[in-house]
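Line by line, the protein sequences give chains A and B.
So for the first sequence, this note's numbering puts the first residue at 1; every next one is plus one.
So for the second sequence, this note's numbering puts the first residue at 1; every next one is plus one.
Honestly, I wouldn't trust all of these hints.
Claimed, not checked - Here are the computed distance ranges between Cβ atoms for each label pair: (1) B/T114 x A/R77: 24 to 34 Å; (2) B/P61 x A/E3: 16 to 26 Å; (3) A/G29 x B/T20: 14 to 24 Å; (4) B/T60 x A/P14: 39 to 49 Å; (5) A/D78 x B/G16: 44 to 54 Å; (6) B/K38 x A/G54: 33 to 43 Å; (7) A/D78 x B/N7: 33 to 43 Å; (8) A/D58 x B/T26: 39 to 49 Å; (9) B/G84 x A/E3: 14 to 24 Å; (10) A/D27 x B/N55: 16 to 26 Å; (11) A/R60 x B/N55: 35 to 45 Å; (12) B/P61 x A/D78: 39 to 49 Å.
Hints in this document: simulated from the structure, not taken from any laboratory.
For clarity, every value in this text was computed on a predicted model and none was experimentally measured.
Glycine residues also receive a C-beta, built at the ideal position from the N, C-alpha and C atoms.
Given next are the chains, with one letter for each unit.
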Amino acid sequence: QKEVEQNSGPLSVPEGAIASLNCTYSDRGSQSFFWYRQYSGKSPELIMFIYSNGDKEDGRFTAQLNKASQYVSLLIRDSQPSDSATYLCAVKKNSGYSTLTFGKGTMLLVSP
Amino acid sequence: DAMVIQNPRYQVTQFGKPVTLSCSQTLNHNVMYWYQQKSSQAPKLLFHYYDKDFNNEADTPDNFQSRRPNTSFCFLDIRSPGLGDAAMYLCATSRERGQGYEQYFGPGTRLTVT
Numbered sequence: 001q002k003e004v005e006q007n008s009g010p011l012s013v014p015e016g017a018i019a020s021l022n023c024t025y026s027d028r029g030s031q032s033f034f035w036y037r038q039y040s041g042k043s044p045e046l047i048m049f050i051y052s053n054g055d056k057e058d059g060r061f062t063a064q065l066n067k068a069s070q071y072v073s074l075l076i077r078d079s080q081p082s083d084s085a086t087y088l089c090a091v092k093k094n095s096g097y098s099t100l101t102f103g104k105g106t107m108l109l110v111s112p
Numbered sequence: 001d002a003m004v005i006q007n008p009r010y011q012v013t014q015f016g017k018p019v020t021l022s023c024s025q026t027l028n029h030n031v032m033y034w035y036q037q038k039s040s041q042a043p044k045l046l047f048h049y050y051d052k053d054f055n056n057e058a059d060t061p062d063n064f065q066s067r068r069p070n071t072s073f074c075f076l077d078i079r080s081p082g083l084g085d086a087a088m089y090l091c092a093t094s095r096e097r098g099q100g101y102e103q104y105f106g107p108g109t110r111l112t113v114t
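Build the full structure now, drawing on both the sequences and the hints.
Take a look at the structure:
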C-alpha cells in the first residue's frame, strides 16, 4: 500500500460544479494534512491544511478529515476554469521530525 | 513580501558537469527543504536543514549535496549530473519541523541535462 494515495484523474467537472478530490493515507498516526495546488510547470502552492477531524472551510475550498477511515478530501465549490490544475495531498507522518509525504496528485479539469 | 526565492529558474548543464542551485528565504524559517520532482510524479524529499542540522533522506544519491551557510540561504549541489537528474528542483521552508507547521515552496528550478 502506498503511503499517500490519490486518483490520478483527470477529474473533469463543468464550470460552477463542485469538485471533490480524495486522498487516503496509510500511517494511522499522521496528524497534519495539507492540500497543494500545482499548475503545469509551476511549484506547489498551499491551499488548505487541516489537523482535526471534521470540516474546515476557506472561501470556495473545504477540507474534510476522517482519521478513523484515514482519508482526507478537498471540495471546491463553484469550480472555475482557473482551478484546473493538479492537486497534491500531503501528510505529515507521526515520525520524529515529521517531514511531508506527498501523493502523486489528482489532475482537475474544469470546462467552461 | 516574505517569500522563497530560487535561482536560476531554468538551468541547462552538461552530463557530468557540476551544477549549483540556490534558494533564499525572507520568512526567517528554521527549516529548509530540497525536493526533486519529475513529470507526473510526487515531489521527492532529498534532504532538509533544521537550522544548521543537516538531515539526508536514506535514498538520496551521494551525487546530491547541500549547504546552508546561514538562515536565509540554502544550496543544492549536483556533483556529476546524469540524464536521470533532469527534473524540477523545489526549495521549501517551514517555521518548525513538528506537526502543524506548513511548508511553503519557492518557484522551482527546472534542470535540463544535455
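To see whether the hints hold, each was checked on the structure:
Range check, B/T114 to A/R77: about 46 Å between beta-carbon atoms, so the 24 to 34 Å window is missed. Checking the proposed 16 to 26 Å range against B/P61 and A/E3 shows it holds: the Cβ atoms sit about 21 Å from each other. Roughly 37 Å separates the CB atoms of A/G29 and B/T20, a value that falls outside the hinted 14 to 24 Å. Hint check: B/T60 to A/P14, Cβ distance near 43 Å, so the stated range 39 to 49 Å holds.
In this structure the hint that A/D78 and B/G16 lie 44 to 54 Å apart at CB holds, the actual value being about 51 Å. Distance hint for B/K38 and A/G54: a CB-CB separation of about 35 Å, consistent with the stated range 33 to 43 Å. Distance hint check for A/D78 and B/N7: the Cβ-Cβ separation is about 37 Å, which falls inside the suggested range of 33 to 43 Å. The hint said 39 to 49 Å for the Cβ distance between A/D58 and B/T26, and at roughly 24 Å that hint is violated.
A C-beta distance of roughly 23 Å is found between B/G84 and A/E3, which places it inside the suggested range of 14 to 24 Å. Remark: the range hint 16 to 26 Å for A/D27 to B/N55 is upheld by a beta-carbon distance near 19 Å. Take A/R60 and B/N55: their Cβ atoms lie about 37 Å apart, and the range 35 to 45 Å holds. Range check, B/P61 to A/D78: about 45 Å between beta-carbon atoms, so the 39 to 49 Å window is met.
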